[in-house]
Amino acid sequence: MARNDFGPPDYRELIPPVIQKNYGQWKYHTIPRPGVLKHVSDTGDVLYSVRIASPRLVSSEYIRSISDIADTYCDGYLRFTTRNNAEFLVSDESKLEPLIKDLVAKGYMIGGGGHSISNVVHTQGWIHCKSAVTDASGIVKDVMDELHPYFTGEIKVPARLRIAVACCVNMCGACHCSDISIVGIHRTPPRVNDELLVGRCEIPTTIAACPTGAIRPNPKTKSVEINHEKCMMCANCTVVCPAIKIMDPVNDGVSIWVGGKVSNARTAPKFSRLAIPYLPNNPPRWPEVTNAVKHLVEVWAASAREGERMGEWIDRIGWERFFEKTGLPFTDKHIDDFTHATTTFRSTTQFRF
Amino acid sequence: MDELKTPLLDELEKGEWPSFVKEIKRAAAKNPGARDLLRQLEASYREKIGHWKHGGIVGVKGYGGGVVGRYSDDPERFPHAKEFHTIRVNQPAGFFYTTKKLRDMADVWDKYGSGLYNMHGSTGDIILLGTTTENLQPCVDELADVGFDLGGSGGALRTPSCCVGQARCATACIDSMEITREITMHYQNELHRPAWPYKFKIKVSACPNDCAAASARSDLAVIGVWRDALLIDQAAVREYVNNGFNIFDRVIRKCPTAAIDWDSQKQELELRTEDCVHCMHCINAMPKALRIGKERGASLLIGGKAPVVKGAMIGWVLVPFMKMEPPFNEFKDLVDKITDWWAEHGKNRERVGELIDRIGLSVFLKEIGLPPLPQMVHAPRSNPYIFWYPEEVEKHGEK
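Residue numbers (our numbering), protein chains in the order written: chain A, 5 to 357; chain B, 7 to 405.
What the hints contain is simulated information worked out from the structure, not anything from laboratory work. All residues carry an ideal CB built from backbone N, CA and C; glycine is no exception. A couple of the hints might just be wrong.
In silico DSSO-like links for lysine-lysine, alpha-carbon gap of 30 angstroms or less [claimed, not checked]: (1) 20/B x 249/A; (2) 31/B x 110/A; (3) 54/B x 224/A; (4) 99/A x 106/B; (5) 105/A x 20/B; (6) 54/B x 110/A; (7) 67/B x 11/B.
To give an idea of the interface, some chain B residues facing chain A are shown, with a C-beta separation under 10 angstroms as derived from the structure [to be verified]: (8) 22; (9) 56; (10) 171; (11) 184; (12) 214; (13) 222; (14) 265; (15) 268; (16) 277; (17) 278; (18) 281; (19) 287; (20) 375; (21) 378; (22) 379; (23) 390.
The shape of chain B in the complex, shown without the other chains (with noise of 0.2 angstroms):
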């Protein structure tokens, strides 16, 4: 091999925060590919422009997503990025790994791509980052046989992925590692064979501090909730206090709905429940003497997404509460629902909540069977430019 000459790439391995290029190199001296894409990448960093083509369709048999096909547009000057493939591979829930079964799959990889990963997409695959055509199948298959499924792409149910839950918080309202292996289960073929008009993700949140960010980046996110009283230890409160913790300052304050009250001569936390809206910053803040209630489910937000085409979304509430028990079905058939109407009235590349967007948020609930609550608006409209259905009036005035 000739000499690697990156003198750019190379400032990059100075310096504290862990180096990619470190990685890359570490990759390189094994991988031609890896290789290449170092030197198309310091290329880049001198002409401050792409190397990659456009798109490129590739896949792997019985599947129509889970490969991102890309093709370096200088196959001359780097021969071995000339395909250059990702590989999504669904991680599982939590992200939690043996070394066995990180092993395993760090040697399927070294026998068919570049040795490079990411751990993790920001969607939550596992990526395996840069194969072949040829070498696409047999990896799959190898990949198979040490237990890895392929991740989602394209118009399809995305992998869904979700915060640690209750294999390690104490504010975990739902099993959201169970529901999202449920889910992913459930949903095979949907996930594997794109038939939807765009992209569709489902994230899982335990709690309102949303560790998975399920309310910006899934069009349909459940986060845990409960909606009875929270739980005090009165001792655990006054132990805070007495440690010279401000409560004031650090959690009354704090409250959005002032539902939280310290009473200094009692030395006693009175919480208006009817008035808390659930928002964690107290149990964050005392996490020794505050729980969650008892009454626990999922609240459901529908339409989270980046900006393309019509504005960035943060989802909106559909359902306030939800039990959320195995196997899941009021929320599977509630995905159903939803997935079938997009399916049938979202035009090609239209994210559903652009498409409630267009058609109304009150015809959506309309035709999927869902109540309008006071909960889902942050206000009633301020414009009078209401529809009314023919059913709804007296009839009058007809010729």
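Bound conformation, chain A alone (with noise of 0.2 angstroms):
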């Protein structure tokens, strides 16, 4: 009989004798390079942590590849972070220049520390999701090949700047409070298969997956209506009920939202904005979602202040002046008209013409 509620592996015995000894008495840091955390404690040890890019989906071989370079110099200890890069953490100085030449010998990409663009959040896509509208892994790579430089640190930014991919609304992980977020989106509505619903779906649940209210019971298919008018496909029914299809390969596409931030240094978390209602799915490169985010990116930094994050820029120079500055159109799709809309509405004279 397998044992069962044991839990997960218990961190004190997977944290180095460095981490042992100092814990909670870590007293400052400093980024010596792009990519590498020099930890100070009080008690005048020194952790020096070195963060790689990581693809997130990999292979045992690689997890053997990064645990015999964490053998070699690190004692056998590694992490990971809350973005999906792993750090190699050395204790012993004299490892540290050694470990980073292996480092770039083997091809890994150190980076992803202080103000720069660090590893990209994102979900499963095509590779294992039924709901997926997009594909996430695809489209990091894309990104993240375009962008790398910013991971490097070989082009300074102005803050940190987070980008997340979601392969739809549903939004697992970050993006609506990313500074960059990139979310698969419908565009036509769901087709209901009658037949196949009967049996198969439980239509009260079906009915109040809809934020809308677009769907209704019909008593004699024994099945349910969608009005059109008031959906906007949001795929929340076809999570609930199989027998409801919405993929649509011609009108698929992604959006992409601006200036959202989880921390509450200077000013409070905020939620992604739309910026793009819609761009194609264009594997595998999707060089109008790349160009997009990259023009974003740069536009940003060559505006913004020092310190100042996507969300808190446009607060500065005013939704007017983003749409401005970067060229892309303003359009209904931008205007709210879901739950609390009018909050959203400028309910002031003062705007920039």
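Using the hints, build the complex out of the two chains.
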């Protein structure tokens, strides 16, 4: 009989001795070079962390390869970050340069710390999700191939910039609160297969899944009807009912959102706001998406003040100037028409021409 | 095995950023499941549509969650992706590993699964990506032998996760890793056997920088704070200034409440503690000179979630300050009160934030026994549509 309810491995057995000894006693840190952190303890001990880019989707060979490196330079200790980078933990300073040389020789990319564009938090996409409107891994690869000099610190930015990708509006991960978010969207309403629906879907659950009340029961067919005028194609009905289909390779695509953050530094956490309502799915390189993200980064980096994140920069210059500076068209799609929409309307004569 | 033709995906082996296609190919060299995954993905790239069927309920004995079932919609074309289930494995707090632990896990997964992982899923779990129904139970049994239990899925407590906290950070106000470990262990039953209206996530960040994105990505966010004065090393501040650091542009003008000032005459940083909202900016900007205060605890925020159904929410203040000391009984009591109330009143697939939005924050506070406080709102209400309880008003005007 297998063991149950024993929980995850205990972190206390997995942290290196220098962390055991200095737990809760760290004094300050510096970033001696991009991707390398130096932590100094009240006891005088020092810990270096070397951060590398990871594709998040990795193989056993990858896990064994980075384990080999950690065995050679880090006494067998390593960790991952909340943005899915890997970090090598070095307590012996004499091993730092050899580790960095070895990582570079093996083709690992070092970076992602401080004011930079770090890894992209993303989701399953066509690799594993039934709701995916786009592929997450492919878009991340394309965007970061383009932006990798911002990861390595080769190109400087005014502040950190977080990018996230979600393959549908479930927004698993961090898309509603990132500096730039890429979110898969549908633009055509779902189709109901009445015969399939009977006996396979809970009708009340399906009706309750709709944010705009567009679904009602159809007693004739013992199925449901969708009012297309009320439907904004969120696809939540398809999540709870397999007899409703929405995928449309011609019209599905992605939207781009800007200005979100979670940290409380300076300003309160912010939601991301719509910048581009639709760009096509264009695998494998998604050039429209990649160009749009790069353009947003460049306009922000050229105009923001030191330490000013995307949302803070927009707050200062105003949305009207954001659209002017980026050259993005402002459309009816940008005006909120969901719950509490009026709180996003401009109730002042303070605006720029 | 037949020749693997993936011209579109091959494009994604080029470029500087580490390639997920290379990783799938590394696994595909040994595993037919990974090979068919790659072939199916190539078809998705060509056809611009996913090829996974809706849902699929699979699992292991004793648990109601932890495994996400997945089936190819074209098993004739991709026979080894016919069953391609995900196992969520609970990660150690702070994502710390020894290489032995990782190698043990990889050995088990190579034996029973595709040899592909997400390190890590957004909630924190190690994601083992792709195995058959038949292999689930033996795989999970052998993972248990090397010390890994499953994480959460479904209407349950999901796997808690946290920032690196006191293990490596000078601004950690609470022991985020220990809180996460203790909560995960205490609520094993709630995590493994879904019993709630919907999912419930707890994330712990040790300071308001919120490196675990707790306020946006968890129903109950624990965020470390201090409530006395932050500590200033004036000599170290002078060193920043003398080294050419523009303290006015970089720090003073960015303080959201104008709580700090630089006295150029005295060469001293002045702090009005009562105005400080512990946003972290000045500490982040001058980590050698400024440190968090000594009276430490956590702020608790409730309701964070993604858009579906009622719109995205960032958690709201529920408890401005709570001491967080092992075994965290005050915190556990509050979790119990919140989840009991939600389990009783929540509709099917209604997150706790949506329930509070529907019923009202005031009623929620009354039900779980917390006092209303000005820290809970950006501003008081502006409309006059105020509810009163009968016991709050004098009897008058009855027939």
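Can you name, in rising order, the numbers of the hints this structure does not satisfy?
-> Numbers 1, 3, 6, 7, 14, 15, 16, 17, 18, 20, 21, 22 and 23, in rising order.
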